[in-house]
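In case you want the letters, here they are:
Number of protein chains: 2
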Amino acid sequence: MYETIALVGATGAVGRIVLDQLVQRQFPYKRLKLLASQRSVGTEIRVGDETIKVELLEPSAFKGVDLVIASTPDEVSAEFAQWAVDAGAVVVDESAYWRMDPSVPLVVPEVNPEAVKHHSGIIASPNCSTTQMVVALAPLHKAAVVKRVVVSTYQATSGAGIAGNEELRDSVRRSLAGQTHPPKTFAHPIAFNLIPQIGSEKQDGYTSEEMKMVYETRKILGDDSIQVCPTCVRVPVMIGHSESILVETERPLTAMEATELFRGAEGITVVDDLAAKQYPMPRDCDGKDDVFVGRIRHDISGPNGIAFWCVSDNLRKGAATNAIQIAELLVRNAANA
Amino acid sequence: MYETIALVGATGAVGRIVLDQLVQRQFPYKRLKLLASQRSVGTEIRVGDETIKVELLEPSAFKGVDLVIASTPDEVSAEFAQWAVDAGAVVVDESAYWRMDPSVPLVVPEVNPEAVKHHSGIIASPNCSTTQMVVALAPLHKAAVVKRVVVSTYQATSGAGIAGNEELRDSVRRSLAGQTHPPKTFAHPIAFNLIPQIGSEKQDGYTSEEMKMVYETRKILGDDSIQVCPTCVRVPVMIGHSESILVETERPLTAMEATELFRGAEGITVVDDLAAKQYPMPRDCDGKDDVFVGRIRHDISGPNGIAFWCVSDNLRKGAATNAIQIAELLVRNAANA
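These protein sequence lines are chains A and B, in that order.
full-length UniProt numbering numbers the first residue of the first sequence as 1 and each following residue consecutively.
full-length UniProt numbering numbers the first residue of the second sequence as 1 and each following residue consecutively.
If we strip away everything but chain A, and leave its shape as in the complex, we get (with noise of 0.2 Å):
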């Protein structure tokens, strides 16, 4: 059913891990496209045994393709898209130009599988924050039924792609070494510092990326009353997203009660021992699928809340894993039709 299968930016950041999980977890194509714009036409990518051209991303590129995986900026995504869906093939598209489109599952494979039966031609894969704390919290949320959300994030500069870390690298190099580094990818220094803004400013003084995490949360948990509350951080690390998250539940929840839940949902590994030193940092989280969590722990300021840290591989779950998760889920379905 899905033999013939296009990846639309296949030489970024998140394309690269694309290509190389497509081969170590054997996804069953028969024919692999690779699609780019004009810049990137002829490169020869190497995959598993194959090495592969990268083909020019226009219309009749999509004739005889099945499934797409796509990695590109929204404005990409806003054109090609429907190239793909008028060629007959389903695209599963990483950015953010179709999650909130009311015909457009957005889908987490392990919190809302089912939603991916609907689509229309296009299934979305959400925004890295979000899809690590829903992984998270839908357990809770099935347990319990989470009501408010109150998020900080550190989040990598490969968030920003290639660019982000070589930026990171190079300017922590400069900033050593007494040289100055003006910044390009990002809007200010990052080289030992902070940066409290991601996205552009979107609306009541959140960011576009905060308010991804309000409406992407509640359209993949399917319920519009839960609230949100995020701040959404750069820091100076170059893989894996990590999250200070404090929810509420409309049923009370233990610390040991919310730690059994973790334990028992699929795409998460509890690493929870205070006393030993041990909890998720990104630097153990690099290139693993699963959604961290540890510092689990009773709210302390509120009688129905739950406190816990969540780390995950912003490029894995948070992009690749989770696109190529629902690819699989389409073959399932599709066999099992």
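Keep in mind that the hints were calculated from the coordinates and are not lab data.
Hints are not guaranteed to be accurate.
Facing chain B, from chain A, some residues (calculated, C-beta under 8 Å) [to be verified]: (1) Val85; (2) Val150; (3) Phe192; (4) Glu201; (5) Asp204; (6) Gln227; (7) Val233; (8) Pro236; (9) Arg251; (10) Ala255; (11) Met256; (12) Met281; (13) His298; (14) Ile300; (15) Trp309.
Cut-off 20 Å, straight-line C-alpha distance, at most; resulting in silico cross-link-like pairs (DMTMM-like, lysine to aspartate or glutamate) [stated by the list, open to error]: (16) B:Lys277 to A:Asp204; (17) A:Lys117 to A:Asp86; (18) A:Lys277 to B:Asp204; (19) B:Lys277 to A:Glu201; (20) B:Lys184 to A:Asp284.
Computed footprint of chain B on chain A, listed as stretches where at least three residues anywhere in the stretch have a Cβ under 8 Å from a Cβ of chain B [stated by the list, open to error]: (21) 41 to 51; (22) 170 to 183; (23) 282 to 294.
Note that this is a predicted model, so its numbers are computed, not measured.
No residue lacks a Cβ here, since even glycine has one placed at the ideal position from N, Cα and C.
On the provided structure of chain A, position chain B as indicated by the hints.
Same frame as chain A, now just chain B:
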């Protein structure tokens, strides 16, 4: 009245800044003694136009001393403070040892200057994370009564002293060169990483650093009903602690009211223009005495909340500056007596 002062811990990260500040702020002392453990005895330190030799920290060293400013580990303070008090000196102590002692005022001069009057020889300066937070909370508390605070910190490595910054610098250098860098000062590698533990395990899954933010906040604001849920995280930044704060007040405040309250408060600088990408960042607060506040906005997850971002130089207002301001307050009160 406070003619002879002694500085305990002059060779540490904070002690060095205390010395600079004594000179820069023209603290009205006549004689300055530098006291330290055996290891540093005989070290010569330049203070303004003088060169002062470090003397041994022992009971007889406090003879004739009127005022002590101390920046030492808790266990050192536990021992020497009584020696100083017995010799007739007043001790301004930056360690955690005396802070929660009912007979010891815990003072942030912008917030509770009156508390300094009720001392029995020892006055404590709060934990760095607490100090900047209470400076920011104080005007909101006065105007609208703070009921609850949810805070996630982003704390600099200099909070662990000179060794903390050396470890960050060295481990980042090694990491970029592809070399291993086993941690010494910190429990885990800090280069391009985050450590969600500061201090030791204390109670209910919270660390000692986090519980300081709970108890010290209540003591300084003089309101034991204030609820605080803290998460303290070490980040790869050298100077400047940052805090993502959500505060709920009894009387609801608009973001504009909160901003005006911050603007009108002593010791606070508001940097808040998201559209122009202006907000406080550690890099810009390094070497400054104020507490910087930005990203001020209504809590979109609840009716009575204000969310904001708060940065301050942890060695300055978080430590040295606050201690000197307490000493200045003592001098002023003595002059007015």
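Quick rundown of the hints versus the structure:
| no. | hint | in the structure |
| --- | --- | --- |
| 1 | Val85 | violated (34 Å) |
| 2 | Val150 | holds (5 Å) |
| 3 | Phe192 | holds (5 Å) |
| 4 | Glu201 | holds (5 Å) |
| 5 | Asp204 | holds (6 Å) |
| 6 | Gln227 | holds (4 Å) |
| 7 | Val233 | holds (7 Å) |
| 8 | Pro236 | holds (5 Å) |
| 9 | Arg251 | violated (19 Å) |
| 10 | Ala255 | holds (6 Å) |
| 11 | Met256 | violated (10 Å) |
| 12 | Met281 | holds (6 Å) |
| 13 | His298 | holds (6 Å) |
| 14 | Ile300 | holds (6 Å) |
| 15 | Trp309 | holds (5 Å) |
| 16 | B:Lys277 to A:Asp204 | holds (15 Å) |
| 17 | A:Lys117 to A:Asp86 | holds (19 Å) |
| 18 | A:Lys277 to B:Asp204 | holds (15 Å) |
| 19 | B:Lys277 to A:Glu201 | holds (9 Å) |
| 20 | B:Lys184 to A:Asp284 | holds (18 Å) |
| 21 | 41 to 51 | violated (count 0) |
| 22 | 170 to 183 | holds (count 3) |
| 23 | 282 to 294 | holds (count 3) |
Of the numbered hints listed earlier, those contradicted by the structure are 1, 9, 11, 21.
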